[in-house]
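Novice: Could you put together the complete structure from these sequences and hints?
Keeping their order, the protein sequence lines are chains U and V. For the first sequence, position 96 matches number 96 in the numbering used here, and the numbering has no gaps at all. For the second sequence, position 15 matches number 15 in the numbering used here, and the numbering has no gaps at all.
It should be emphasised that the hints constitute simulated quantities derived from the structure, not laboratory data. Among these hints, one or two may not hold up.
[As the list claims (entries may be wrong)] Using 25 Å as the maximum straight-line C-alpha spacing, the simulated SDA-like pairs for lysine to any residue come out as follows:
1) U:Lys107 with U:Ser81
2) U:Lys42 with V:Val54
3) U:Lys104 with U:Ala20
4) V:Lys96 with U:Ser49
5) V:Lys96 with V:Arg44
6) U:Lys42 with V:Thr86
7) U:Lys104 with V:Arg9
8) U:Lys45 with V:Lys17
9) U:Lys45 with U:Gln63
10) V:Lys57 with U:Glu3
11) V:Lys71 with V:Thr55
12) U:Lys104 with U:Ser28
13) V:Lys96 with V:Thr114
14) V:Lys96 with U:Thr24
15) U:Lys79 with U:Gly58
16) U:Lys45 with V:Asn73
17) V:Lys17 with V:Val60
18) V:Lys18 with V:Asn73
19) U:Lys42 with V:Gln85
20) U:Lys107 with U:Pro8
21) U:Lys104 with V:Glu102
22) U:Lys104 with V:Thr112
23) U:Lys45 with U:Ser72
24) U:Lys42 with V:Glu53
25) V:Lys69 with V:Tyr104
26) V:Lys57 with U:Ala20
27) U:Lys45 with V:Pro107
28) U:Lys45 with V:Gln37
29) U:Lys45 with U:Asp77
30) U:Lys45 with V:Lys18
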Amino acid sequence: RKEVEQDPGPFNVPEGATVAFNCTYSNSASQSFFWYRQDCRKEPKLLMSVYSSGNEDGRFTAQLNRASQYISLLIRDSKLSDSATYLCVVNSPGAGSYQLTFGKGTKLSVIP
Amino acid sequence: EAQVTQNPRYLITVTGKKLTVTCSQNMNHEYMSWYRQDPGLGLRQIYYSMNVEVTDKGDVPEGYKVSRKEKRNFPLILESPSPNQTSLYFCASSFKTGVSYEQYFGPGTRLTVT
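Specialist: Rendered as structure tokens:
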């Protein structure tokens, strides 16, 4: 089983739509979780950290379900500028560990 | 401006010719890391460093070396590049908040080995 798994998409949605991405992780001891955004041929950029209680930043909401080992990202009122690949990232545990495992990403295209 | 810089941004080289990709950050971050990104495989960690003179292997370290002699610099060395190392490489630095690491990536280096 892959460590971090995402639906690759692509998700093609109209402007204004709500879209949700899910990501599952295999290591139940994982401690921290993130969503990154990557535009074509550019570096990934941190979108949100994901906290156990869930967190929201404007149109973006992230949720963590430790029991089921999945993370979700909800984007409301999609904009053309939201078109990108969204990467789920999980921190592998261990004393002093700095190993981050990336999902392969979910591609989103927002259509006019 | 807070940033991670990488050089060169683009490099075409031949098999076996040693090369170094530099990475520098000006944010005084303790943690630095190198990744490669390939189509269908996503981002994979090559090496990481948790402090000066402290480095460790990531998921795909074979064929690579790193060093961390200064806090701000973390060069990636390919002693004898091979075509399967053709890839897009990203350097990243981060600070730790609790159990979380917020990473900042460099702009990437596109390497082609012929």
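Novice: It remains to establish, for every hint, whether it holds in the given structure.
Specialist: Going down the list of hints, with the structure as the test:
1. U:Lys107 with U:Ser81: holds, 13 Å
2. U:Lys42 with V:Val54: violated, 28 Å
3. U:Lys104 with U:Ala20: holds, 16 Å
4. V:Lys96 with U:Ser49: Holds, at roughly 12 Å.
5. V:Lys96 with V:Arg44: Between V:Lys96 and V:Arg44 the Cα gap is close to 20 Å, so the pair holds against 25 Å.
6. U:Lys42 with V:Thr86: Roughly 17 Å between the alpha carbons, so the hint for U:Lys42 and V:Thr86 holds.
7. U:Lys104 with V:Arg9: Answer holds: U:Lys104 to V:Arg9 is near 23 Å, not above 25 Å.
8. U:Lys45 with V:Lys17: violated, 32 Å
9. U:Lys45 with U:Gln63: Holds, at about 19 Å.
10. V:Lys57 with U:Glu3: Since the Cα atoms of V:Lys57 and U:Glu3 sit roughly 17 Å apart, the hinted pair holds (cutoff 25 Å).
11. V:Lys71 with V:Thr55: holds, 12 Å
12. U:Lys104 with U:Ser28: Cα-Cα ~19 Å, so holds.
13. V:Lys96 with V:Thr114: violated, 39 Å
14. V:Lys96 with U:Thr24: holds, 23 Å
15. U:Lys79 with U:Gly58: Holds: U:Lys79 and U:Gly58 sit about 13 Å apart, inside 25 Å.
16. U:Lys45 with V:Asn73: holds, 20 Å
17. V:Lys17 with V:Val60: OK: V:Lys17 and V:Val60 at ~20 Å, within 25 Å.
18. V:Lys18 with V:Asn73: holds, 19 Å
19. U:Lys42 with V:Gln85: holds, 19 Å
20. U:Lys107 with U:Pro8: holds, 6 Å
21. U:Lys104 with V:Glu102: holds, 19 Å
22. U:Lys104 with V:Thr112: Between U:Lys104 and V:Thr112 the Cα gap is close to 22 Å, so the pair holds against 25 Å.
23. U:Lys45 with U:Ser72: holds, 17 Å
24. U:Lys42 with V:Glu53: At roughly 29 Å apart (the allowed maximum being 25 Å), V:Glu53 and U:Lys42 break the hint.
25. V:Lys69 with V:Tyr104: Holds - the C-alpha atoms of V:Tyr104 and V:Lys69 are around 20 Å apart, at most 25 Å.
26. V:Lys57 with U:Ala20: violated, 34 Å
27. U:Lys45 with V:Pro107: holds, 10 Å
28. U:Lys45 with V:Gln37: holds, 14 Å
29. U:Lys45 with U:Asp77: Judged against 25 Å, a Cα distance of about 21 Å means the pair holds.
30. U:Lys45 with V:Lys18: Roughly 30 Å separates the two Cα atoms, so the pair is violated.
Of the numbered hints listed earlier, those contradicted by the structure are 2, 8, 13, 24, 26 and 30.
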